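Asker: Residue-level listing of the chains:
Protein chains: 2
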Amino acid sequence: MKFELQHKDPKSKARAGEITTDHGTIRTPIFMPVGTAGTVKAVHTRELKEDVKAQIILGNTYHLYLRPGLDILQQAGGLHKFNGWDRPILTDSGGYQVFSLAGTRKITEEGVMFKSHIDGSRHMFTPEGVMDIERKIGADIIMAFDECTPYPCDYAYAKNSMERTHRWLKRCVDRVDETEGLYGYNQTLFPIVQGSVYKDLRERSAETIASYGRDGNAIGGLSVGEPAEMMYETTDLVTNILPEDKPRYLMGVGTPANILESIALGVDMLDCVMPTRNARNGMLFTSEGIINIRNEKWKDDFSPIDANIGGHVSLFYTKAYLRHLVHAKEMLGAQIASIHNLTFYLWLVNEAREKIKTGEFASWKNMMVEKVSRRL
Amino acid sequence: MKFELQHKDPKSKARAGEITTDHGTIRTPIFMPVGTAGTVKAVHTRELKEDVKAQIILGNTYHLYLRPGLDILQQAGGLHKFNGWDRPILTDSGGYQVFSLAGTRKITEEGVMFKSHIDGSRHMFTPEGVMDIERKIGADIIMAFDECTPYPCDYAYAKNSMERTHRWLKRCVDRVDETEGLYGYNQTLFPIVQGSVYKDLRERSAETIASYGRDGNAIGGLSVGEPAEMMYETTDLVTNILPEDKPRYLMGVGTPANILESIALGVDMLDCVMPTRNARNGMLFTSEGIINIRNEKWKDDFSPIDANIGGHVSLFYTKAYLRHLVHAKEMLGAQIASIHNLTFYLWLVNEAREKIKTGEFASWKNMMVEKVSRRL
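Residue numbers (full-length UniProt numbering), protein chains in the order written: chain A, 1 to 376; chain B, 1 to 376.
Hints in this document: simulated from the structure, not taken from any laboratory. Treat the numbers as computed from the prediction; the structure is a model and nothing was measured. Hints may contain errors.
Stated by the list, open to error - With a straight-line Cα cutoff of 30 Å, these simulated DSSO-like cross-link-like pairs (lysine-lysine) come out:
#1 B/Lys170 to A/Lys41
#2 B/Lys297 to A/Lys136
#3 B/Lys106 to A/Lys41
#4 B/Lys106 to A/Lys329
#5 B/Lys106 to B/Lys2
#6 B/Lys53 to A/Lys41
#7 B/Lys81 to A/Lys49
#8 B/Lys299 to A/Lys136
As the list claims (entries may be wrong) - A partial selection of chain A residues facing chain B, derived with a Cβ cut-off under 10 Å:
#9 Thr36
#10 Glu47
#11 Ile241
All C-beta atoms in this analysis are idealised placements derived from N, C-alpha and C, irrespective of residue type, glycine included.
Make a model of the complete structure from these sequences and hints.
Answerer: Here it is, written out as structure tokens:
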């Protein structure tokens, strides 16, 4: 994997760059749609490429490991071949999911024992085992096995957890470096900064992670319930330490405003289930603000969902029609809203990239944060 | 509306023709996807045109009347403008739905009083009222308000119901002929033959319906639980009476085999929820036979869903991937299966049309009926 830093905004830490992988290039800053179980929910692969214009999508190691399972994925020739997405893929490590299975999981130095949410069967995830699983899934970018601490989290727990995450990282790095991709293309490992909201822990973690000199670095453990200001402060602190010549991935963030603020702090890659999950509940993110399409006020609004962002779906369907579909519980409602929200997110990061290139990002960002946050 | 009869199969009653409406032409025989509430479930409008290659879709008067309601449809400029489908639309009369609301509806000579399945509110459908509603929805072809008798149905009930349907037809015709379309294009009324499975009733009904000399004629009250042989015999009897120079629409039929047999009996238009409803349960109709995609045997079958029928979706996605999506209860599974099944149905009737044109329909039909009926 190669990262080229192309532009730096003069009035913020925002950057524009290009990541090159064996499945093609990614222009940063970039938002990555989440394809948990090998599908971005309710969105066809072709629409994801041609309408949403996604450049990279996520897969989820925990979900894919359980279903369809590694045998099927290997027989298919990896996740790209299985789901037909031939651009870059990133897999998380499954850590977030197994740690969320409170009561049914047990953490030891070796790894995490957990029960499947599908059939209750017992499984063990270790750093080495997860690297082997991510090899079999075959994403271009694979994430280290870490613990994402909850918020709030006391200092002692955050410190112990971070130190274990660092020890696990060493095991992940060793395993990845002594193995190869199974499908004839390269995979690269991103380590993850943890340390909850504690500055000294975050500093130590960022320094530790940076010291590995991997192709890219991630910031985890944020957007888990802490105030937005705390998330921004922590991100700011960490991006000051992570190397400038490597892409920085802020995991699980966020609202359109969160995304713009994070880009301003030097983040290059982001992912979040919000655009698709909220779409299924009728919440639309648009270039003019946030719409709850269920509301009465849209029932006779025959204007396009969003005429400003390009993309077939956002221009073709009207607000009144989408409201009808959502009220009638028609699947097409969730489909349209999902594509629209993702199209908007991709439009937003592409606009950010253009503004960085022209040096206008900082003022544009302040204007847009206000615009995209208001409720219509 | 204009109908041109173009080809007649030498060894069956199958015909190929072309219907011209103000929203474009329809090449017959044709299958019409059902878009109950203004959407063919789980299928985008663009996919319906470009992938499925649908030429005409159905809308349902009962459902559209209740939601989004006539005010919204009128403000939109009719159903075509509301849902963005700019090719022909046909609306049923809602009769089938309100008569199905057993226990909550009351039939009188005037019409049917019924309660909404959504909020329990009371409504009255009369022949004149339904014509006015179908004017407001704005389909190109609108169906008369009839009673679709259940099966089995005793002779006396079938006779009384049929006679009332005939009296209602007169009222429908009068109302349609004294009014005009609201949106600047023409709408044409199709009357419906009833009479359950009783030959003398069906003959009388077909003669009555034919005597109106409308642009097209429909056969209702079949595919409601009677044996397939009885359906074919009744269809055969009725198509012998209905005029040859008008399209014949067999309502609510059916399996791929039913469709081919009905075409052989001189039917030009068919509709059914089966391809979309069964898709949502994982049943696929293919050019090689019927697939239950949930079955274990497809888990590592990485071949396309159906490589023979054209269409992006059927060629792009594999059986193994679709099985995974259906098992994981991913919406995309229902989306893919729905598009595939509709693509197959449209492929099938187009193949039938080509075989009619070359005079090979009868033998091809016998081969295909066997092929598309087997379970893989």
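Asker: It remains to establish, for every hint, whether it holds in the given structure.
Answerer: Outcome of the hint check:
no.	hint	in the structure
1	B/Lys170 to A/Lys41	violated, 50 Å
2	B/Lys297 to A/Lys136	holds, 22 Å
3	B/Lys106 to A/Lys41	violated, 43 Å
4	B/Lys106 to A/Lys329	holds, 28 Å
5	B/Lys106 to B/Lys2	violated, 38 Å
6	B/Lys53 to A/Lys41	holds, 25 Å
7	B/Lys81 to A/Lys49	holds, 27 Å
8	B/Lys299 to A/Lys136	holds, 17 Å
9	Thr36	holds, 9 Å
10	Glu47	holds, 8 Å
11	Ile241	violated, 39 Å
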